[in-house]
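Could you slot chain D onto chain G? The hints should help.
There are 2 protein chains.
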Amino acid sequence: MSLTEVIDGTQAAVTADPKNAAVSFTTTNDLVSGTATQVAVAVRDHSFGVDEPAVLGGGDTSANPVEYALAALGSCQVITYQFWAARLGIRLDDVSVKVDGDLDLHGFFGFDETTRAGFGDVRVSVTLTGPESPERYEELKRHVDQHCPVLDLFRNPTPTKTELTA
Amino acid sequence: MSLTEVIDGTQAAVTADPKNAAVSFTTTNDLVSGTATQVAVAVRDHSFGVDEPAVLGGGDTSANPVEYALAALGSCQVITYQFWAARLGIRLDDVSVKVDGDLDLHGFFGFDETTRAGFGDVRVSVTLTGPESPERYEELKRHVDQHCPVLDLFRNPTPTKTELTA
Chain G
1 MSLTEVIDGT QAAVTADPKN AAVSFTTTND LVSGTATQVA VAVRDHSFGV DEPAVLGGGD
61 TSANPVEYAL AALGSCQVIT YQFWAARLGI RLDDVSVKVD GDLDLHGFFG FDETTRAGFG
121 DVRVSVTLTG PESPERYEEL KRHVDQHCPV LDLFRNPTPT KTELTA
Chain D
1 MSLTEVIDGT QAAVTADPKN AAVSFTTTND LVSGTATQVA VAVRDHSFGV DEPAVLGGGD
61 TSANPVEYAL AALGSCQVIT YQFWAARLGI RLDDVSVKVD GDLDLHGFFG FDETTRAGFG
121 DVRVSVTLTG PESPERYEEL KRHVDQHCPV LDLFRNPTPT KTELTA
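The listed protein sequences derive, respectively, from chains G and D. Count the first sequence with the working numbering and you get residues 1 to 166, in order. Count the second sequence with the working numbering and you get residues 1 to 166, in order.
Pulled out of the complex, with its shape left as it was, chain G reads as follows (with noise of 0.2 Å):
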């Protein structure tokens, strides 16, 4: 199926019954040892490893959490443009994406508590390849920014509940 059958197919679906686009994903993340942490994700048959480097007392067996964070907006980034682009009729030959985030450890290790945790700044550099004009990808990308899933994560707040069981 094209991106654009997918889209009129989703359109379809989802105009019969709104319903239809309530997707729910679940992923399981178990320790192994240390900071090696093994991922599944739920339903489809996916896996994958999780590790800090030797610096941060791993074995730098994967890349790590805030690294993964990163990638998935990059990723996001560069489906985001190849669906915008196939609805909006604009030809795209290639897309790269490099995401860049920066981390203060005082607020990971608690040095000091008035330090956020997470990336104080994320930059986002898309490389665009094709016959359009700038313009017309300048469009592109204002479409990709107001729609794209991990892009709205990092810019807006989550509502994200914690439980524990022990």
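Hints were generated in silico from the structure; no laboratory data involved. Some hints could be false.
What the hints assert, rightly or not - Have a look at the derived ranges for each label pair, beta carbon to beta carbon:
#1 V32/D - D45/G: 14 to 24 Å
#2 T127/D - P134/G: 35 to 45 Å
#3 E135/G - A13/D: 44 to 54 Å
#4 G59/D - D102/G: 30 to 40 Å
What the hints assert, rightly or not - Computed footprint of chain D on chain G; a stretch qualifies when at least three of its residues, placed anywhere within it, have a C-beta under 8 Å from a C-beta of chain D:
#5 10 to 18
#6 25 to 36
#7 40 to 51
#8 61 to 75
#9 97 to 109
#10 143 to 156
What the hints assert, rightly or not - Subject to a maximum C-alpha distance of 30 Å in a straight line, what follows is the list of computed DSS-like cross-link-like pairs (lysine-lysine):
#11 K19/D - K161/D
#12 K98/G - K141/D
#13 K161/G - K161/D
These numbers were taken from a predicted model, which means no experiment stands behind them. Beta carbons: idealized from backbone N, C-alpha and C, even for Gly.
Frame of chain G; chain D shown alone:
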């Protein structure tokens, strides 16, 4: 190095010069084709794929961006539990974290511009195993939720700039 040694070593380095706490992370995210995207983590030698399931126009070769975002949160919780248990001297034998996120596709597809593109609701269920009292583990949870970088990313706005080269 034990996590306690990492905490003490980082504290010494950061006390000597607060700038030692400033760290940056980078990923590059390149389109393969369709929705398939390849991620490389800068400096460290880690890479992985990202893709959508068939209903979202993908080849289902890997987890998708929002699943990686939930995995970033779940694994960050696991690792922050490990660090803060070491820091507070709380014995913890095992940690398992399930993360569920709900998303309304009206947002991503732009079928309704009043629906946010990202998660409307996220639930984190943490299961701890160990010999300490429930009160001790509740105390641990309070410290973890205050210092977990990806939980901070979910709950609070992060300054995120996007820049286009086309």
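Here's how the hints hold up against the structure:
1. V32/D - D45/G: 14 to 24 Å: At roughly 19 Å between Cβ atoms, D45/G and V32/D fall inside 14 to 24 Å, so the hint holds.
2. T127/D - P134/G: 35 to 45 Å: Check failed, 51 Å falls outside 35 to 45 Å.
3. E135/G - A13/D: 44 to 54 Å: holds, 49 Å
4. G59/D - D102/G: 30 to 40 Å: holds, 34 Å
5. 10 to 18: Answer holds; 4 residues pass the 8 Å Cβ test.
6. 25 to 36: holds (count 9)
7. 40 to 51: Since three or more residues must qualify, the claim that chain D covers the stretch 40 to 51 of chain G holds, with 5 doing so at under 8 Å.
8. 61 to 75: With 14 residues in contact (Cβ-Cβ under 8 Å with chain D), the coverage given for the stretch 61 to 75 of chain G holds.
9. 97 to 109: holds (count 13)
10. 143 to 156: holds (count 13)
11. K19/D - K161/D: Cα-Cα ~23 Å, so holds.
12. K98/G - K141/D: Given pair K98/G, K141/D is violated - Cα atoms ~34 Å apart, limit 30 Å.
13. K161/G - K161/D: holds, 27 Å
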